[in-house]
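Q: Under this note's numbering, the residues of the sequence shown are numbered 1 to 178, in order.
Please keep in mind that the hints were generated in silico from the structure rather than gathered at the bench.
Among these hints, one or two may not hold up.
Unchecked claim - As a list, the in silico DSBU-like pairs of lysine-lysine whose alpha-carbon atoms are at most 30 Å apart: (1) Lys4 to Lys15; (2) Lys90 to Lys4; (3) Lys61 to Lys90; (4) Lys61 to Lys73; (5) Lys61 to Lys135.
To be verified - Computed Cβ-Cβ distance ranges for the label pairs, DEER-style: (6) Ile152 to Ile2: 17 to 27 Å; (7) Asp34 to Asp144: 19 to 29 Å; (8) Ile168 to Gln71: 23 to 33 Å; (9) Gly122 to Gln77: 43 to 53 Å; (10) Gln165 to Ile54: 41 to 51 Å; (11) Ala20 to Gly174: 50 to 60 Å.
Please read all numbers here as calculations on a predicted model, not as lab measurements.
No residue lacks a Cβ here, since even glycine has one placed at the ideal position from N, Cα and C.
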Amino acid sequence: MIEKHNCRQIGVLVKTHGIAGEVVIRLFDEFTIDDLDTEFLFLDLDGGLVPFSIDELREKKHADILVKLEQVKSDRQALTIIDAPVYVEKSLESDESKESISSQNFSAYQLVGYQCQAVGHGHIGEIIAIREIAKNPLFEIDNDGEEVLIPIAEHFIAGIDDEQQLIIFDLPEGLIDL
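Turn these sequences into a full structure, and let the hints steer you where they fit.
A: Written out as structure tokens, the structure reads:
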């Protein structure tokens with residue numbers, strides 16, 4: 001079984017299209033149809049990633065793509081996977097490109113589920129979502145039931161440990177308490 005830390009979320013399956021099982025996937029802003037050079041998409045179903053073979057793939061509009069999955073033969077079957085997060089395997093990219101949050105291959109969505117620490121503060125919590133606010137996306141962190149929002153900015157990130165699924169922030173004083 002493929003693990004989430006080996007994948008990155010690229011969007012969400014939002015609705016069916018037609019009666020033959022075709023679906024609409026809404027891509028996150030940083031992805032386009034050109035980024036989907038793969039034979040498989042992984043859908044997060046019941047907490048695990050399930051592989052689906054791509055039969056056809058075409059652009060509907062900028063953020064939406066139409067996909068025919070080999071295992072989905074009808075709109076009834078397609079309805080069972082609506083709202084599923086969609087993942088692709090992380091590409092085998094060079095170590096150089098992995099080091100920078102601003103690299104083209106980086107997606108903040110791949111950090112959902114990571115634990116967070118802050119220099120001088122310790123454990124903050126777990127990234128549970130990315131809040132898409134125009135030109136100011138935020139990490140949404142669950143700190144024992146309390147919501148903490150941190151701007152997604154390279155200068156706030158001191159380090160990322162993919163193996164331990166941990167991100168370390170170096171934040172301005174008082175930001176966590178806002």
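Q: With reference to the structure, classify each hint as holding or not holding.
A: Here is what the structure says about each hint:
1. For the hint pairing lysine 4 with lysine 15, the CA-to-CA distance comes to about 23 Å; that is within 30 Å, so the pair holds.
2. Distance hint between lysine 90 and lysine 4 is fulfilled; the C-alpha atoms sit about 10 Å from each other, no more than 30 Å.
3. Proximity of lysine 61 to lysine 90 is assessed by CA-CA distance (about 24 Å); at most 30 Å being required, the pair is judged to hold.
4. A distance of roughly 23 Å separates the Cα atoms of lysine 61 and lysine 73; the hinted pair therefore holds under the 30 Å criterion.
5. Our distance criterion of 30 Å between C-alpha atoms is met by lysine 61 and lysine 135, whose separation comes to about 21 Å.
6. Separation of isoleucine 152 from isoleucine 2 is about 25 Å and conforms to the stated range, judged on CB atoms against 17 to 27 Å.
7. Checked against the hint of 19 to 29 Å, the C-beta distance between aspartate 34 and aspartate 144 comes to roughly 41 Å, which is inconsistent with it.
8. Hint check: isoleucine 168 to glutamine 71, Cβ distance near 40 Å, so the stated range 23 to 33 Å is violated.
9. Here the CB-CB span from glycine 122 to glutamine 77 is close to 47 Å, well matched to the stated 43 to 53 Å.
10. Taken as a hint, the range 41 to 51 Å is violated for the pair glutamine 165 and isoleucine 54, whose Cβ atoms sit roughly 28 Å apart.
11. For the pair alanine 20 and glycine 174, the beta carbons lie near 55 Å from each other, so the given range of 50 to 60 Å is met.
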